[in-house]
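*Asks:* These are the residues of each chain, in order.
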Amino acid sequence: MAERRVRTLGTAGRVGAATTGAVVVVALVSLVWTPHDPAAMDVANKLAGPSLAHPLGTDHFGRDTLSQLMAGARVSIAVSLVAVGLGAGLGVPLGLLAAARRGWLDEAVMRLNDLAFAFPALLTAVLITALLGPGAINAILAIGLFNVPVFARVTRGAALAVWKRPFVLAARLAGRGRARISLDHVLPNIAGTLIVQATIQFALAILAEAGLSYLGLGSQPPEVSWGRMLNEAQTFLFLEPRLAILPGLAIVVTVLGLNLLGDGLRDRLDPRLDPQGVDRRPAGARRG
Amino acid sequence: MVLPLPRARRRAATALAALAVAALTALPGPATAGPPDTLVMGMVLEPPHLDPTAGAAAAIDEVVYANVFEGLTRIGPDGSVQPALAERWEISDDGLTYTFHLRRDVTFHDGTAFTADDAVFSLQRALADDSVNAQKGLFAAIDSVAALDGYTLVVGLSRPEGRLLYNLGWGDAVMVGLESADTNKTRPIGTGPFRFVRWVQGDRVELEAFPDFWGPAPALSAATFRFIPDPAAALAAMLAGDVDAYANFPAPEGLAILEEDARFAVVVGTTEGETILALNHRRPPLDDPRVRRAIGHAIDRNTLIDGAMFGYGTPIGSHFAPHHPAYVDLTDRSPHDPERARALLAEAGIAPGDLRLTLHLPPPSYARRSGELIAAQLGAVGVAVEIIPVEWAQWLDQAFRGHDFDMTIVAHTEPLDIDIYARDDYYFGYDNPAFDALMATLQSTRDTAARADLYRQAQTILAEDAVNGFLFQLAKLGVWDARLSGLWRDSPVQANDLTGVSWQP
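Just so you know, the protein sequences line up as chains X and E, in that order.
Just so we're aligned, residue 167 is where the first sequence starts under the numbering used here, counting upward by one.
Just so we're aligned, residue 21 is where the second sequence starts under the numbering used here, counting upward by one.
Hint data in this document are derived by calculation from the structure and do not stem from the laboratory.
Among these hints, one or two may not hold up.
[To be verified] Heads up, incomplete: computed chain X residues facing chain E, CB under 7 Å, no partners named: (1) W199; (2) V209; (3) N211; (4) G382; (5) P387; (6) F402.
[To be verified] In silico SDA-like cross-links for lysine to any residue, where the CA-CA straight-line distance does not exceed 20 Å: (7) E:K205 - E:L185; (8) E:K205 - E:G222; (9) X:K212 - X:P407; (10) X:K212 - E:L275; (11) X:K212 - E:N322; (12) E:K156 - E:G75; (13) X:K212 - E:I277; (14) E:K156 - E:D326; (15) X:K212 - E:V220; (16) E:K205 - E:V220; (17) X:K330 - X:G269; (18) X:K212 - E:T433; (19) E:K156 - E:D202; (20) X:K212 - E:R388; (21) X:K212 - E:D326.
Glycine residues also receive a C-beta, built at the ideal position from the N, C-alpha and C atoms.
Turn these sequences into a full structure, and let the hints steer you where they fit.
*Replies:* Printed below as a string of structure tokens:
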């Protein structure tokens, strides 16, 4: 049973992959086509119910809800992608460096990491955007910064395990430098773990972007964002619950899809789960 | 299947998910009616403190005016001047001496008697060089204040002031006690029908009936002002019966629901709130009247009222309240005409897409929603707008005091405040000596017809100069329990006068 599971994504993983794929396709399509201009207002036609012209109705300014949801997918994915990229781009090298160097450098990086973990991520993101001013770029910075320690920690943990493997020892005996070993041997061996982690962080980043936009700290009008759609729909809950339910569903579906995909990928890619299903992760990584 | 993630991260994720769907779960609770002699009044903003003579915040007056504090005169529900702590008065023929006869049976909430000495103290405190009064202009004409005897006050003016009796009815001119003035910010002591009980910061202010009030005892035994900044929460609180009345309901979109519900009365009245798109004249090209006119022509007021205010509001073409007798409708000076807007911009040498302006938006929905619509309307004539949402503190700091803005939307809620356009170094930076001279003439004119004529001229100058984008007059959206009577329909001053409020059986 374990044998089959690790070879494929599994049912849940496939559902996750399909959902994520669908959201990405919608976001890509929105680059070239949406039923209406998502920012075009038509006050005379506000709060209209679903119709042929507006399959999901319109909001309080008469903007087409379907077009807004599509454009919102694009913004969510773009912000999260850049933010996670930023986190991985800084965190992975830091983790590799810490694992390769050990000693005081490792200590310094990891203690800084602990420090960053001590601050609640979303609250600090709120602080950063409050200081730098609201906007998509600052939201990316805020979310990205809080991905750095996550990636640094995961990378270091996985890399340390690889450093103990015989082929790394062989490479060291052959006289290769730590940097080369990190890039040629360690990184490829922990790539699976990192991809899984990136998927999960991506889901969290989408939530964080929606949360910041909901609080008015994320992307600003006329740019569309699921979080801001939720916020704007708040006072219309009794009048047009559809306006809150649709972006809420979009967030839920996207995040759920990414989480399922992450789980599936993890079963397939994480080298710490061997085909016999025995957990050989180092003791430190087993908590949680 | 559990991921090697720190637990706190996942908990943060859960909290975020909860946040994302929180909007879906705000459902009304069971309706409960309050006891028939107390009142819970909802307000959007919490006052910074409770001394109306030391702050400009409207929320202060909305709690204490006519309830806790009274002045020599007061403004009635229709905007007229009525006697309050001064029973009657005489004005000398030259208009320079006012003699006020004070009520003899008035006591402060701390038990001390109100006499002419307190009145002299109150006015001198407002007039003093170190006065922190937010509306010192109200008292500018006053030259001397003296007590003739314990209950007679003589006020001497340096020039005739047509609005003195009206000015003395403002919340900023209320009478305070010699003994208690210093602590009014946290423990207000006035002469009104209600005395202060306690203030739970961030939540509510409680008042109770004052047994030794000089006038007829109010029908309510106690009143609570609750501060609910979120419009969605305001609607939920109203539907749930947690709040009995909102004098200024913050969510116009919710009125349709409340109107259908027989438990509530929806009363739409007028306010003194001219909502304007303020333009910073210090920043080129906004110093060019053609550019300002172009902005005026780009704006479609009816769309703003419909889209941002759900139809509640009256278009204005200058800085003046439409319900005032001296009002002139000048909206035809800046009709919605995108073609003309483009032509004017071209005339000013601005190519489409060349002009980028920032738009600072304070939190109220009238500003945020109008702002989004205006950004789209200006975009249609080739002016790119960057929206910058700000909190009130930031707005006061950056836009109002720091003059660091291109455009901003705000409602000026003081009555008859057209004279702000004559102020030196006011935030939008308008400077027109002809207008200043007109305001000076107005100040010394007492004849009503002559004053009305001057007001008309002033309105026309502002419309001709296209000083700001004049948008609409805010409507007062009152919502309260249908069994309540005595709340004001209009708001000629910022006040929630509870003196005459009662529950009908």
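*Asks:* All the hints need checking, so say for each whether the structure fits it.
*Replies:* Here is how each hint holds up against the structure:
1. W199: Status violated, d = 21 Å.
2. V209: holds, 4 Å
3. N211: violated, 11 Å
4. G382: Interface hint status for X:G382: holds (6 Å vs cutoff 7 Å).
5. P387: Holds: closest Cβ of chain E sits about 5 Å from X:P387, inside 7 Å.
6. F402: With a minimum Cβ separation of about 6 Å from chain E (threshold 7 Å), the hint on X:F402 holds.
7. E:K205 - E:L185: At roughly 25 Å apart (the allowed maximum being 20 Å), E:L185 and E:K205 break the hint.
8. E:K205 - E:G222: The hint holds at about 15 Å.
9. X:K212 - X:P407: holds, 14 Å
10. X:K212 - E:L275: holds, 16 Å
11. X:K212 - E:N322: Answer holds: X:K212 to E:N322 is near 14 Å, not above 20 Å.
12. E:K156 - E:G75: holds, 11 Å
13. X:K212 - E:I277: The given pair, whose Cα atoms are some 17 Å apart, holds under the 20 Å limit.
14. E:K156 - E:D326: Not OK: E:K156 and E:D326 at ~37 Å, beyond 20 Å, violated.
15. X:K212 - E:V220: Not satisfied, since the Cα-Cα distance of roughly 40 Å exceeds 20 Å.
16. E:K205 - E:V220: holds, 14 Å
17. X:K330 - X:G269: OK: X:K330 and X:G269 at ~16 Å, within 20 Å.
18. X:K212 - E:T433: violated, 29 Å
19. E:K156 - E:D202: OK: E:K156 and E:D202 at ~18 Å, within 20 Å.
20. X:K212 - E:R388: holds, 17 Å
21. X:K212 - E:D326: holds, 9 Å
The structure is inconsistent with the numbered hints 1, 3, 7, 14, 15, 18, although it conforms to all the rest.
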